[in-house]
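There are 2 protein chains.
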Amino acid sequence: MMEIEKKRVSSWFWQLRNEIISKFEALEHGESDDKHSNVGKVKFEKRKTHRPSRDNADLGGGEMAIMRDGHLFEKVGVNISTVYGELSETAVKVMTETKRLPNLKSNPYFWASGISVVAHMKSPFLPAIHMNTRMFWTEDAWWFGGGIDLNPCIEDPEDTKKFHAALKETCDFHDSKFYPDYKMWADKYFYIPHRKRTRGVGGIFFDEHNTGDWENDFSFTQDVGRTFIPAFSDIIIQKKNLKWGPNEKEKQLLHRGLYAEYNLIYDRGTKFGLATGHDPDAVLMSLPPHAKWL
Amino acid sequence: MMEIEKKRVSSWFWQLRNEIISKFEALEHGESDDKHSNVGKVKFEKRKTHRPSRDNADLGGGEMAIMRDGHLFEKVGVNISTVYGELSETAVKVMTETKRLPNLKSNPYFWASGISVVAHMKSPFLPAIHMNTRMFWTEDAWWFGGGIDLNPCIEDPEDTKKFHAALKETCDFHDSKFYPDYKMWADKYFYIPHRKRTRGVGGIFFDEHNTGDWENDFSFTQDVGRTFIPAFSDIIIQKKNLKWGPNEKEKQLLHRGLYAEYNLIYDRGTKFGLATGHDPDAVLMSLPPHAKWL
Numbered sequence: 001m002m003e004i005e006k007k008r009v010s011s012w013f014w015q016l017r018n019e020i021i022s023k024f025e026a027l028e029h030g031e032s033d034d035k036h037s038n039v040g041k042v043k044f045e046k047r048k049t050h051r052p053s054r055d056n057a058d059l060g061g062g063e064m065a066i067m068r069d070g071h072l073f074e075k076v077g078v079n080i081s082t083v084y085g086e087l088s089e090t091a092v093k094v095m096t097e098t099k100r101l102p103n104l105k106s107n108p109y110f111w112a113s114g115i116s117v118v119a120h121m122k123s124p125f126l127p128a129i130h131m132n133t134r135m136f137w138t139e140d141a142w143w144f145g146g147g148i149d150l151n152p153c154i155e156d157p158e159d160t161k162k163f164h165a166a167l168k169e170t171c172d173f174h175d176s177k178f179y180p181d182y183k184m185w186a187d188k189y190f191y192i193p194h195r196k197r198t199r200g201v202g203g204i205f206f207d208e209h210n211t212g213d214w215e216n217d218f219s220f221t222q223d224v225g226r227t228f229i230p231a232f233s234d235i236i237i238q239k240k241n242l243k244w245g246p247n248e249k250e251k252q253l254l255h256r257g258l259y260a261e262y263n264l265i266y267d268r269g270t271k272f273g274l275a276t277g278h279d280p281d282a283v284l285m286s287l288p289p290h291a292k293w294l
Numbered sequence: 001m002m003e004i005e006k007k008r009v010s011s012w013f014w015q016l017r018n019e020i021i022s023k024f025e026a027l028e029h030g031e032s033d034d035k036h037s038n039v040g041k042v043k044f045e046k047r048k049t050h051r052p053s054r055d056n057a058d059l060g061g062g063e064m065a066i067m068r069d070g071h072l073f074e075k076v077g078v079n080i081s082t083v084y085g086e087l088s089e090t091a092v093k094v095m096t097e098t099k100r101l102p103n104l105k106s107n108p109y110f111w112a113s114g115i116s117v118v119a120h121m122k123s124p125f126l127p128a129i130h131m132n133t134r135m136f137w138t139e140d141a142w143w144f145g146g147g148i149d150l151n152p153c154i155e156d157p158e159d160t161k162k163f164h165a166a167l168k169e170t171c172d173f174h175d176s177k178f179y180p181d182y183k184m185w186a187d188k189y190f191y192i193p194h195r196k197r198t199r200g201v202g203g204i205f206f207d208e209h210n211t212g213d214w215e216n217d218f219s220f221t222q223d224v225g226r227t228f229i230p231a232f233s234d235i236i237i238q239k240k241n242l243k244w245g246p247n248e249k250e251k252q253l254l255h256r257g258l259y260a261e262y263n264l265i266y267d268r269g270t271k272f273g274l275a276t277g278h279d280p281d282a283v284l285m286s287l288p289p290h291a292k293w294l
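Protein chains in written order, with my numbering: chain L, 1 to 294; chain Z, 1 to 294.
Where hints are given, some of them may not hold.
[To be verified] For lysine to any residue, the following SDA-like pairs were computed, each having C-alpha atoms within a straight-line distance of at most 25 Å:
#1 L:K188 x Z:G61
#2 L:K168 x L:F110
#3 L:K177 x L:H194
#4 Z:K292 x L:K188
#5 L:K196 x Z:G61
#6 Z:K183 x Z:N247
#7 L:K196 x Z:K183
[What the hints assert, rightly or not] With the C-beta cut set under 8 Å, the calculated list includes, among others, these residues of chain Z facing chain L:
#8 I265
#9 G269
#10 T276
#11 P280
#12 P288
#13 W293
Quick caveat, the hints were computed from the structure, so don't treat them as lab data. Note that the structure is a prediction, hence the values are computed from the model and not measured. Heads up, the beta-carbon is just placed ideally off N, CA and C, and yes, glycines get one too.
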């Protein structure tokens, strides 16, 4: 069921993935003035991923792409995947706990497709960023989910304002309730209870997004993805030449420790991915290249 | 109840803490040949910890001690605490799930005292190590728990053999069943499912240790603590002068990433500590000073 919609969704995620990769490589390569140097010429390395199965059944998969050690991007990963099959007991347990799906059958058939991006930048003045959008389908229900959040180690109220304004504009185009609701959800979702703070300056987060109008819900999800590229690259272009020293780098490494704490302890996508036996390198792609704890 | 026993236990943990600190500082200071240099003269910094309460009630506390940036010890933390009060709902939930205490009353009175040590060494040839021993008491039950495990990034079968032999000798002195049982428990406890490997080369792990003979169980717990110092310092003394380069350091940083994954995702002590609102810096003292993810 919904076969055409599923194809459109997974094609869109591939397209968005390719656009993000092109844009990030262009930003990175624009950094190098030295034509004879390899520095600044790093590229995304791609690897197919497969959801492991005991009997070699086709459970779907995707591609992970990582660019490392650039002038701008210290580590940036873009994962896409389209997976399907029966939901494992563990997955059903997680989903009935966290979703409004108390009556999920045991071992129901599901389909899910999504994109996930995490960028850790070399300069401490460039925030880390996370973006994810996805569609989930079972025989009982379908929905979209996703979010974008900005994680500077050195906060700049002007960046935060512009970033939120871009998200608000995208949301408002679809429904004026989306931005306040989904901003509040992000503030709650990205909160780190043991540190009594959020991991960054927020953004939007949404899940179980189903207004009843699939076409418009898909369109909203696409627009969130489209907003991500300029909202982030504007900050990069504006701040990429700021000079930083060991004090700023120290702040960044400690902030990355906090980011790793959040992802390993609280992030639902990470928990779900690890609990359902996905490729750990793909699930943990979000972890920072270097982190520090005092 | 058991007031004298509780006092003996918490005094022992203070004593063991002081012995560990003295020995580690002596090892560290023995490293410096330059009398005019401050390098190698780092010391443990101590800070009192308190279990936070809403109404300033005395819920106990302890002391955390950390020595950083030494010649040998890049970061080593030794925490001790003696805490008491009513078990929170979250704690009861965790404990009824993981302990054989299905009938734990809601909000029972408890008392717990323990020591926890984690050392991350500067040289990649020196393994990280973890040791913890504790006594837990409620009106229904008391038990000891603890463990030691060795976490080299460059494994040396000879070290592993000697380390396990020392643990076996200590266990066998009390009961020949302890070592095989508690070694197996460590292999299971320190397993990282998503990486399909253990975090190190094992050791022993035990919990709910109650043979019915408190005196002997306390004595066993003390002996585990006593074994820790020579078992670890023998390795340090033997390997501290081995030269290492960037390849070995890279292995160490990646192995520390794995260590952080384990502690943040699976370690029960960490989960329990964070869920019950303990000082996050004390709970997360175990995290490596620097870690890396590819």
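Status of each hint after checking the structure:
1. For the given pair, K188 of chain L sits about 30 Å from G61 of chain Z by alpha-carbon distance, which is inconsistent with the 25 Å threshold.
2. Note on K168 of chain L and F110 of chain L: the hinted pairing is violated, with a Cα-Cα distance of about 32 Å set against a maximum of 25 Å.
3. Taking the CA atoms of K177 of chain L and H194 of chain L, the gap is about 30 Å. The hint is violated against a cut of 25 Å.
4. Under the criterion of a C-alpha separation no larger than 25 Å, the hint pairing K292 of chain Z with K188 of chain L is inconsistent with the structure, at around 28 Å.
5. A hinted pair counts as satisfied when its Cα atoms are at most 25 Å apart, and K196 of chain L with G61 of chain Z qualifies at roughly 20 Å.
6. Under the criterion of a C-alpha separation no larger than 25 Å, the hint pairing K183 of chain Z with N247 of chain Z is inconsistent with the structure, at around 31 Å.
7. In summary, the hint linking K196 of chain L to K183 of chain Z is not supported, as the alpha carbons are separated by about 37 Å, beyond the 25 Å threshold.
8. The interface hint given for I265 of chain Z is met, as the beta carbon of that residue sits about 5 Å from the closest beta carbon of chain L, less than 8 Å.
9. This hint is violated: G269 of chain Z has a C-beta 13 Å from the nearest C-beta of chain L, more than the 8 Å allowed.
10. A hinted interface residue such as T276 of chain Z counts as satisfied when its beta carbon comes closer than 8 Å to some beta carbon of chain L; here the least separation is about 10 Å, so the hint is violated.
11. Because the closest C-beta pair between P280 of chain Z and chain L is about 4 Å apart, less than 8 Å, the hint holds.
12. Given hint, P288 of chain Z at the interface with chain L, holds; its Cβ is 7 Å from that chain's nearest Cβ, closer than 8 Å.
13. The closest approach between the C-beta of W293 of chain Z and any C-beta of chain L is roughly 4 Å, which is under the 8 Å cut-off, so the hint is satisfied.
When held up to the earlier numbered hints, the structure conflicts with 1, 2, 3, 4, 6, 7, 9 and 10 and fits the remainder.
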